[in-house]
Amino acid sequence: MMKTQPLTRSCFTLLFIYCCMNNTFSQYKITDTIYYDHQWEICEKPLATYYRTGILAALNDRWYYTGIIKDYTMSNTLISEGTYSDEGTREGDFTFYYPDGKIMAVGKYQNSKPVGNWTWYYPDGKEEAVILFTANEDEFQFVKFIDKDGQTTLENGTGDFSWYSDPLEWVHAAHTCSGSFKNGKRAGNWHFDVVNKKENIVSGFTEKYNNNGKYTGITYDDFKRPYIGTKAMRFQFTPRRIHLTENILYDDLFKLNGDSLAISALTYYLIEHKPTEINLRYKVYDTAYATIMRALERYQYKIHFNQNRNIDSKIEFKIGAKGYLEDISFTGTGLDSSEKVFFPFLLSKFKYVEMPGTGSVAIETNYTVYCFSIDFAKVIPGNTENMFTKRLFFSFQPRNKFEGYLKEHEKEIKEDFIHNMRYIHSYRRN
8 MMKTQPLTRS CFTLLFIYCC MNNTFSQYKI TDTIYYDHQW EICEKPLATY
58 YRTGILAALN DRWYYTGIIK DYTMSNTLIS EGTYSDEGTR EGDFTFYYPD
108 GKIMAVGKYQ NSKPVGNWTW YYPDGKEEAV ILFTANEDEF QFVKFIDKDG
158 QTTLENGTGD FSWYSDPLEW VHAAHTCSGS FKNGKRAGNW HFDVVNKKEN
208 IVSGFTEKYN NNGKYTGITY DDFKRPYIGT KAMRFQFTPR RIHLTENILY
258 DDLFKLNGDS LAISALTYYL IEHKPTEINL RYKVYDTAYA TIMRALERYQ
308 YKIHFNQNRN IDSKIEFKIG AKGYLEDISF TGTGLDSSEK VFFPFLLSKF
358 KYVEMPGTGS VAIETNYTVY CFSIDFAKVI PGNTENMFTK RLFFSFQPRN
408 KFEGYLKEHE KEIKEDFIHN MRYIHSYRRN
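For the sequence shown, our numbering begins at 8 and goes up steadily by one.
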């Protein structure tokens, strides 16, 4: 009889990837620390803003959390804790905290829906509200509300409240609502201010409720006319980060070699702690260097560039004997400490790059990528002023040569914005 050998961890990994990609019946549980970036997408540790302790399970092509989970900032401040069922639903006590560790809200879930009385607190620790949830989350009732001045404006289900609701998705606007309850039922007019990402009020509307607490319609501030809608505005009480983690979103860096291989890269990282690598189709130096530039361009959003920053720096490195990018250093101004961590992290993912040389002799030398911000309205004044804003560029050419090129081709750029922006990108790679 042939004796079977136990599966190694690597064999489990390959089996798990095969099952995930082919939707066959298989289950795997990862009991480990999961790292998240600022958008609550799973990422590698050097990019992390938060981390979670708990069990991440996979059944067929579904990923979910089970058991006790705790979320922390990278400075080890607890910001969420609760329990998921074996099926991945929120069950029992959950507590949410402010970034400084003070309690924000506490209550219970049943089948991922809030139930019973939940209590909210202001950042200073004082009680803000008690809200009662029934089986239908949309039929919540304010039991008690205390304003920021410490005045109790709603008690025993009667009175006035004001509430901020965070959207589930980044693209949607948040809103604040000022309204009333009477004997536990919605009463009178509820006014909403829609707030954009910069916390500016951009529009408003008013919902109307009859004496029985039933929604009867809405009036928009901009039109001053009634509109009979079928449903009232939904409130979102669970912090957005919970919904994001439950969707098992992950960082784009796992997609470096194509979306079809992303699940494999993610699985290898979660189980084997194997960092993602960029597989170079062509390893010769010139082609590899162009790929490096494209990677820097693609992932520059990671550094949160804004119009107020003035960046004029360069990144220098060399290609080591094994083809790894080594001795990465920075000079110039504008890059902050987090960016000086991210760029070496990204560049370290390139492996087996061939050093340039003559014949069979490789030449080891330093290489430079220039990183700078350009204000097109200043470099090319006139009718492009409204088209261009300050943008971040990576280039083989230093900033002064790049600006000289822009001025030299000012006429062409003004005549054809889209085409010449592509031409600009082509120039800075040469």
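One thing to keep in mind: the hints can contain errors.
[Claimed, not checked] Derived pair list, reagent style PhoX-like, types lysine-lysine, alpha-carbon separation capped at 20 Å:
id: 1; residue 1: LYS192; residue 2: LYS221
id: 2; residue 1: LYS52; residue 2: LYS109
id: 3; residue 1: LYS347; residue 2: LYS329
id: 4; residue 1: LYS77; residue 2: LYS52
Simulated from the structure, these hints should not be mistaken for laboratory data.
| said: So, against the hints stated earlier in the document, which numbers end up violated here? | reply: Structure breaks hints 2 and 3.
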